[in-house]
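> Next come the chains, spelled out residue by residue.
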Amino acid sequence: MEHLSIFLYQETQIAVITKLVYITFLFLILAIFVERATEIFVSIIKFIDLKNNWFFIWNRKTKKIRKRLDVLFAAQGSDAKDKKDVFSWILWNYISDSPNEGGKKIIAARFVRTQYYKIISRSFALAVSIVFSILMYKYLNVDLVTILNNIAQMQIEVEQTWIKILVTAILLAVGVEPLHQLILRFERVGQTKKKRLK
Amino acid sequence: MQELIPLSELIVKLTAVLGASFVIERILSFFNVVINRLFIWKYSNKYTQLDKLQEELIVQNQAFEEDKILQDETANYDNTEEEIPFHPNLPEYEKINSEFDIQLIKPLEKIVDDQLRFKKYLENNTIVKEFWMQIIGVLIATIVCRALDFSIFDFFLYDLSKTSSTPDPGFFGCIFTGVIIGSGSKPINFLMNFLTNRKIILETQKVKEEVDKEQCETIQETANQFVQNTTDLTINKSLTIEEIVGFVYDQGDRPDRLENTHKYTKEIDLIVYHHTCLRSNAPFTDLVKVFDDKGWLTGYNCVVFEDGTIRVLCRWDRFGNHAKGYNSRSFGIAFQGNFETNPNVSFSNPDGKLGNITPTDRQLKAAARVIAMYTLMHNIPFVFPNVAEKGKTVKGIIPHNVISSKTCPGNNFPYIEFEKLITHYYNDWKDDAEFGNALEIFKNKPRVMSK
Numbered sequence: 001m002e003h004l005s006i007f008l009y010q011e012t013q014i015a016v017i018t019k020l021v022y023i024t025f026l027f028l029i030l031a032i033f034v035e036r037a038t039e040i041f042v043s044i045i046k047f048i049d050l051k052n053n054w055f056f057i058w059n060r061k062t063k064k065i066r067k068r069l070d071v072l073f074a075a076q077g078s079d080a081k082d083k084k085d086v087f088s089w090i091l092w093n094y095i096s097d098s099p100n101e102g103g104k105k106i107i108a109a110r111f112v113r114t115q116y117y118k119i120i121s122r123s124f125a126l127a128v129s130i131v132f133s134i135l136m137y138k139y140l141n142v143d144l145v146t147i148l149n150n151i152a153q154m155q156i157e158v159e160q161t162w163i164k165i166l167v168t169a170i171l172l173a174v175g176v177e178p179l180h181q182l183i184l185r186f187e188r189v190g191q192t193k194k195k196r197l198k
Numbered sequence: 199m200q201e202l203i204p205l206s207e208l209i210v211k212l213t214a215v216l217g218a219s220f221v222i223e224r225i226l227s228f229f230n231v232v233i234n235r236l237f238i239w240k241y242s243n244k245y246t247q248l249d250k251l252q253e254e255l256i257v258q259n260q261a262f263e264e265d266k267i268l269q270d271e272t273a274n275y276d277n278t279e280e281e282i283p284f285h286p287n288l289p290e291y292e293k294i295n296s297e298f299d300i301q302l303i304k305p306l307e308k309i310v311d312d313q314l315r316f317k318k319y320l321e322n323n324t325i326v327k328e329f330w331m332q333i334i335g336v337l338i339a340t341i342v343c344r345a346l347d348f349s350i351f352d353f354f355l356y357d358l359s360k361t362s363s364t365p366d367p368g369f370f371g372c373i374f375t376g377v378i379i380g381s382g383s384k385p386i387n388f389l390m391n392f393l394t395n396r397k398i399i400l401e402t403q404k405v406k407e408e409v410d411k412e413q414c415e416t417i418q419e420t421a422n423q424f425v426q427n428t429t430d431l432t433i434n435k436s437l438t439i440e441e442i443v444g445f446v447y448d449q450g451d452r453p454d455r456l457e458n459t460h461k462y463t464k465e466i467d468l469i470v471y472h473h474t475c476l477r478s479n480a481p482f483t484d485l486v487k488v489f490d491d492k493g494w495l496t497g498y499n500c501v502v503f504e505d506g507t508i509r510v511l512c513r514w515d516r517f518g519n520h521a522k523g524y525n526s527r528s529f530g531i532a533f534q535g536n537f538e539t540n541p542n543v544s545f546s547n548p549d550g551k552l553g554n555i556t557p558t559d560r561q562l563k564a565a566a567r568v569i570a571m572y573t574l575m576h577n578i579p580f581v582f583p584n585v586a587e588k589g590k591t592v593k594g595i596i597p598h599n600v601i602s603s604k605t606c607p608g609n610n611f612p613y614i615e616f617e618k619l620i621t622h623y624y625n626d627w628k629d630d631a632e633f634g635n636a637l638e639i640f641k642n643k644p645r646v647m648s649k
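Residue numbers (the numbering used here), protein chains in the order written: chain R, 1 to 198; chain A, 199 to 649.
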């Protein structure tokens, strides 16, 4: 089979597009790896949470958050708007809509758990990105800065190794989130369709 | 020196990855179906036979504790005391006077409600299933990659500045590829679901439309026939209480739960009316949820909605949970809505953000009809006491605030108008023989009168 190959040094239009596709592909593959690894990690955490009955931890945290929010609530002015503003940015993630209109606002332990999972998964994604970048550099002598220099022939002059590793890790960690959102959207659409079907 | 980007290899490997993900997705889907069947089988065995007894025991214990507390409260009731929810097993955190409610995670064993338990069971199984699917997917993919010596990590190793051969990624590359293929099957699964379900939905909608059309025609025909029959015949059928008052006695929400508890031990001599504090257009299910969330078995005996609809919440041969210290000898009726307009009162409705700030005419009339009927049904003293005197038993028809420090049913509630309406219906019906007969028939219906 004859291989389709393009000479790098030729600065033709096709060559530029090819290079772009290749770099995007590499970046995407790495980001997918980190995103999927995080997903596996979260499912492991959820499993351990379930098997070890960690619900009491989230319940305890919920009670603590309620105490903190009550203090905040009391510290605000009497105007309902002030209070609303405070809750719109402080710990707003922990307050879900009241299950019945007119009732008290709800702090659900499930939401608290979700928020903690988010923090854990993001930290894990960053950690994996860093470890992955270090391993790649150490054993395979690969990092995104070098790849950009070699393939795209971008003259990025970075001497320090740790900066190269850090840049790789940050690029990966940043790229993971939009990718995750995209996959999540697919999943949600699939789930919605499934529910509608039922 | 000419160095190359192996585009063909890239495309081939990418396609191979996609194909492998697809194959693993199909394998896992098969596993999924098998596991689902097993879970449902396990659930149906576990919870419909052995645990049914345990569930009944839990409800009985809960009911017993409620009864016990109720007796204590009735004995030592202090009217000036701030009202707290009276559920005996209420944990400390619930007793805190907070601006927020909290919903805690309950383990499966502590959930009594069938539907909620099944939901929780499915949720737990989803977590377990997802875990194993991920692990199995990645393991299969990694083993296959290792066996075939297939890796897409090579693409990172094309160091174009060097002529030397690139290092072998080895097992690291296999794990990398395995993770991408194995866990990549999940998004593919959702993509597949999205595409297949879409097709099925369109087909289902088409069938449904046809069925609806047929049903509409049938219903129309039946209605026409009914109108024809009723105009032809002169039916002199006496009305039932439900038709006169305008409600359907469906025994309330989950009446079986109260079979062995909440029994009236005293004569009923009090009717307490409330507002629910919820949005005036909130549905019945929201109100049920409020009591469920509190961990109570039931709530008001009856609820009247803004359009005049009357719904039974707690069956009438059992007392509800609505007025601390008075439940065991009273009937509780609530208006859906929040009629407290004083902004200094917690959870008030000063600006009408929770809907009507005063009950609608239909609502008042419907509630007045129920109260008048209930007064006649149990011979409750027809009086409207304004205060509860210490040392004396309060009897008659009262708003909740007479026996509680709460403002319920709100400062904007038209008390006088409501009392006039009740009096109107009461006077109309008390000497009406037809009404009396209908009432006697209604009393004999199951779960209406306490024995």
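One should not assume that every hint holds.
[As the list claims (entries may be wrong)] To give an idea of the chain R side of the interface with chain A (calculated C-beta under 8 Å), a few residues: (1) Ile23; (2) Phe25; (3) Ile29; (4) Ile32; (5) Ile40; (6) Phe47; (7) Asn53; (8) Trp58; (9) Asp70; (10) Ile107; (11) Ala109; (12) Glu159; (13) Thr161; (14) Lys164; (15) Pro178.
[What the hints assert, rightly or not] When the alpha-carbon atoms are kept at most 20 Å apart in a straight line, the in silico DMTMM-like pairs for lysine to aspartate or glutamate are as follows: (16) Lys105(R) <-> Glu328(A); (17) Lys51(R) <-> Glu328(A); (18) Lys492(A) <-> Glu328(A).
Simulated from the structure, these hints should not be mistaken for laboratory data.
Remember, it's a predicted structure, so these values are computed and weren't measured experimentally.
Virtual Cβ for every residue (Gly too), placed ideally from N, Cα, C.
> Just to be careful: measuring from the Cβ of Pro178(R) to every Cβ in chain A, is the smallest value less than 8 Å?
violated (14 Å)
> Is the shortest C-beta separation between Asn53(R) and chain A less than 8 Å?
holds (6 Å)
> Does the interface hint hold: is Ile29(R) within less than 8 Å of chain A, judged Cβ to Cβ?
Holds: closest Cβ of chain A sits about 7 Å from Ile29(R), inside 8 Å.
> Would the hint on Trp58(R) stand, with a C-beta cut-off of 8 Å toward chain A?
Check passed: Cβ of Trp58(R) comes within 6 Å of chain A, closer than 8 Å.
> Tell me if the interface restraint on Ile23(R) is satisfied: Cβ within less than 8 Å of some Cβ in chain A.
Hint on Ile23(R): violated, closest Cβ of chain A at ~10 Å, above 8 Å.
> Min Cβ distance, Ile107(R) to chain A: is it shorter than 8 Å?
This interface hint holds because 5 Å falls under the 8 Å limit.
> Verify the interface restraint on Asp70(R): the C-beta must sit less than 8 Å from at least one C-beta of chain A.
holds (5 Å)
> Against chain A, is Glu159(R) within 8 Å by beta-carbon distance?
violated (16 Å)
> Interface hint check: Ile32(R), Cβ to nearest Cβ on chain A, cutoff 8 Å. Holds or violated?
holds (6 Å)
> Quick one, is the Ala109(R) hint okay against chain A at 8 Å, beta carbons?
At about 5 Å, which falls below the 8 Å cut-off, the nearest Cβ of chain A leaves the hint on Ala109(R) intact, so it holds.
> Could you check if Phe25(R) really has its C-beta closer than 8 Å to a C-beta on chain A?
holds (7 Å)
> Let me know if the C-beta of Ile40(R) comes in closer than 8 Å to any C-beta of chain A, holds or violated.
holds (5 Å)
In summary, the structure is inconsistent with hints 1, 12, 13, 14, 15, 16 and 18 from the numbered list given earlier, while agreeing with the others.
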